[in-house]
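Asks: Chains A and B, in that order, give the protein sequences. Under our numbering, the first residue of the first sequence is numbered 1, with each subsequent residue one higher. Under our numbering, the first residue of the second sequence is numbered 1, with each subsequent residue one higher.
Since the hints were derived computationally from the structure, they do not count as laboratory data. Please note that the accuracy of each hint is not assured.
Claimed, not checked - Simulated crosslink set (DSSO-like; lysine-lysine; CA at most 30 Å straight-line): (1) K230/A with K269/B; (2) K159/A with K91/B; (3) K78/B with K151/B; (4) K352/B with K363/B; (5) K185/B with K230/A; (6) K363/B with K230/A; (7) K185/B with K32/A; (8) K314/B with K32/A; (9) K157/A with K352/B; (10) K151/B with K157/A; (11) K91/B with K27/A.
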Amino acid sequence: MESVIIFIIVLYTLSASGYFAYFFVQKNNFHKIGYYLLLAGFIFHSAYIISGYIKSGQMPVHNLHGTLSIVSWSVSGVFLILKYKYDLRILGIFAAPFSACIMIVAIQFPGITSGTDKLFESLLLIVHVVTIFIGEASLALAFGVGLLYLLQEYTIKTKRHGFFYKRLPSLDLLDNTGYACIVAGFTFLTTGLIIGCIYAKLVWGKFWSWDPKEVWSGITWLVYAALLHKRLTVGWRGRRAAIMAIIGFIVLLFTFFGVNFLLQGHHGNFTRW
Amino acid sequence: MLNIVLIGLNHKTAPVDIREQLAFSKEETKDSLESLQKHPEINEVLLISTCNRVEILMAAENISGAVEAASAFLSDIKKININTFKESLYKYSGDNAVRHIFRVASSLDSMVVGEPQILGQIKEAYQLATSKKTSGVILNRLLHKAFFISKRIRNDTGIGDNAVSISYAAIELGRKIFGSLEGKKILLIGAGEMAEIAVEHLITNRAGDIFIANRTFERGVTLAAKFNGNAIRFEEIEDFLEIVDIIISSTGSPDFVITRPQVKSVMRKRRNRPLFFIDIAVPRDIDPHINRLTNSYVYDVDDLKGVIEENIEKRNKEAVKGNRIVDEAVIRFRQWFENLDVVPTIVDLRKKMDTIANAEVEKTLHTLNHLPKNDRNAIHKMTNALVNKILHDPTLYLKNNQFHGNRASCIDITRKLFKLDD
């Protein structure tokens with residue numbers, strides 16, 4: 001298993017270097033290489049996750065290794081879809097290294113834990129985890145797109161048409177992609193949270209137990225809900241939308257890691273190693 | 001042996017008043033080509049005349065004779081004393097002439113490096129020369145190579161990238177903001193050449209409705225008819241800010257025509273869709289503080305000029321690569337050109353025949369292993385004699401120089417007939 005992960009990391013890393021080469025040299029072949037390497041990495045990664053599931057009969061998310069691996073997998077998956085739909089190649093320089101780095105962190109933690117927990121066997125839980133992670137991956141990409149937007153806006157506003165101006169796509173494309181990421185991310189996040197609540201009702205008998213993880217998930221959800229609301233009502237687009245996507249992602253990161261490290265709760269296993 | 005010779009002057013060597021006196025119209029060019037070719041010193045000739053340059057490209061036996069003939073011709077036909085433009089005239093021959101024509105065709109010698117018109121102008125000059133049959137083997141090959149190099153340089157280097165005119169720079173910026181300009185609505189305030197060119201560029205980029213505001217409404221109506229747009233009253237500008245996406249302003253107004261509070265209040269109504277202001281007026285029409293508002297972008301003439309200067313700088317950097325490609329091409333052309341002489345052609349012809357004969361003899365002898373050595377030698381001798389006899393007359397013909405002045409094309413046909421240039 002170890003060697004498969006290393007192989008996946010190598011693919012992601014090479015893909016990242018392909019995208020970086022594309023960014024600097026601006027030759028189309030590099031971004032094609034990056035794309036196919038990432039696709040290959042994603043296929044192997046999917047196989048790795050599925051085999052883990054078949055072996056243990058449960059979703060491999062009961063430790064930090066498993067959860068990080070799924071985060072990385074979701075980011076590459078969502079990026080591949082975005083690339084297909086919007087042809088936003090440049091985002092590869094965010095997505096590919098992101099996936100690679102998370103996997104490198106993941107491999108620092110042991111993959112197999114002793115003791116199985118009945119909690120992880122339900123189909124509902126699998127759906128809960130997968131939808132939430134896909135949502136979070138989309139929001140991570142929205143964060144990346146937001147950064148690129150701010151960078152490009154800065155070059156246009158300050159009239160410094162150098163390195164980035166030439167390489168980054170139009171503000172319109174960045175804004176639209178960011179919006180699409182947030183809509184997708186928010187939809188998956190909402191679905192995931194609802195399923196989580198239903199599952200909680202089945203396991204613990206109540207939908208909501210004011211667990212810190214639940215509270216912070218709620219806060220994250222509210223941030224993105226506010227962003228979408230503002231966009232639909234008063235047309236918050238461009239700079240403000242980009243800044244909100246960045247703030248939202250920081251809150252999301254805290255919900256993901258911070259809560260587990262700093263506070264206690266029933267998602268504790270999530271980041272245990 | 002013919003030489004490639006070029007005389008000419010351009011924007012770097014001659015002021016505009018000399019250039020315009022020496023410029024040739026299409027009809028004049030045709031007549032001049034005929035009279036130039038009649039001159040005994042000149043074998044082939046091509047005349048290029050654009051607003052930035054006048055050049056005569058020739059193939060001639062005697063370099064100084066051709067140079068003198070061509071400059072005397074310029075002075076005669078344009079009725080200008082030769083001394084007035086003598087200083088501005090550059091004269092190239094051999095590799096330098098080849099390099100110069102390659103650089104001109106590739107737009108490396110242009111006032112704005114990479115401008116695309118020059119290639120078309122040279123193609124036209126070449127067409128005139130072929131129609132008058134003043135271009136022969138040498139100039140044909142030279143010009144075809146020049147067109148090829150020009151395309152290669154345009155593809156392989158960035159000399160044609162990055163806008164170098166105000167209106168193109170504005171269009172490029174628009175694309176970075178809006179992605180596509182298709183369907184984007186335009187408001188033109190005032191009038192003026194630069195502003196109108198920008199609007200035309202936007203139309204070719206399939207922009208949407210065009211609104212025109214002018215202090216005198218009648219003027220606006222005339223302009224609106226020209227662009228197939230709608231004239232609006234000057235007082236209506238604020239209302240239209242809600243609808244349009246790109247504003248081009250070029251009025252003589254001493255004060256700002258559009259102020260920050262106006263844009264700020266309209267932004268809400270627009271639901272923050274971006275606004276792009278192109279301010280071509282001096283003094284400025286658009287309050288520069290509008291650039292600080294989110295989703296609105298203001299570029300004035302100086303900003304656009306700054307963009308253009310940067311872009312010209314980038315093109316000049318790319319021109320270094322272009323010059324390298326030209327240098328390589330000059331060397332390759334020289335190889336072809338040097339072979340276009342009697343002795344190398346005879347040598348090549350002999351070599352080719354010998355190679356074929358030897359290969360065939362070897363093949364045959366291979367199956368005749370029983371032959372004694374003497375017989376084998378006899379076969380070798382016979383083949384050599386055969387080659388000698390076959391090549392005797394062509395060699396004599398090439399050596400005797402009986403081409404009636406058309407030596408280059410005879411040699412060229414020989415080389416093509418026997419495929420000696422591979």
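Asks: Each hint needs a verdict: does it hold in this structure or not?
Replies: Tested hints:
With a CA separation close to 14 Å, the supplied pair K230/A and K269/B stays within the 30 Å bound. Proposed proximity of K159/A and K91/B is contradicted: the alpha carbons are some 44 Å apart, above 30 Å. With a CA separation close to 34 Å, the supplied pair K78/B and K151/B exceeds the 30 Å bound. Taken as a hint, the K352/B and K363/B pair is honoured in the structure, with Cα atoms around 17 Å apart against an allowance of 30 Å.
For the given pair, K185/B sits about 25 Å from K230/A by alpha-carbon distance, which is consistent with the 30 Å threshold. Between the alpha carbons of K363/B and K230/A the distance comes to roughly 87 Å, so the proposed pair goes past 30 Å and is violated. Between K185/B and K32/A the CA atoms are separated by roughly 36 Å; this puts the pair beyond 30 Å, and the hint is violated. Distance hint between K314/B and K32/A is fulfilled; the C-alpha atoms sit about 27 Å from each other, no more than 30 Å.
Our distance criterion of 30 Å between C-alpha atoms is broken by K157/A and K352/B, whose separation comes to about 67 Å. At roughly 36 Å between alpha-carbon atoms, K151/B and K157/A are farther apart than 30 Å, so this suggested pair is violated. For a cut-off of 30 Å, the pair hint linking K91/B to K27/A is broken: about 41 Å separates their Cα positions.
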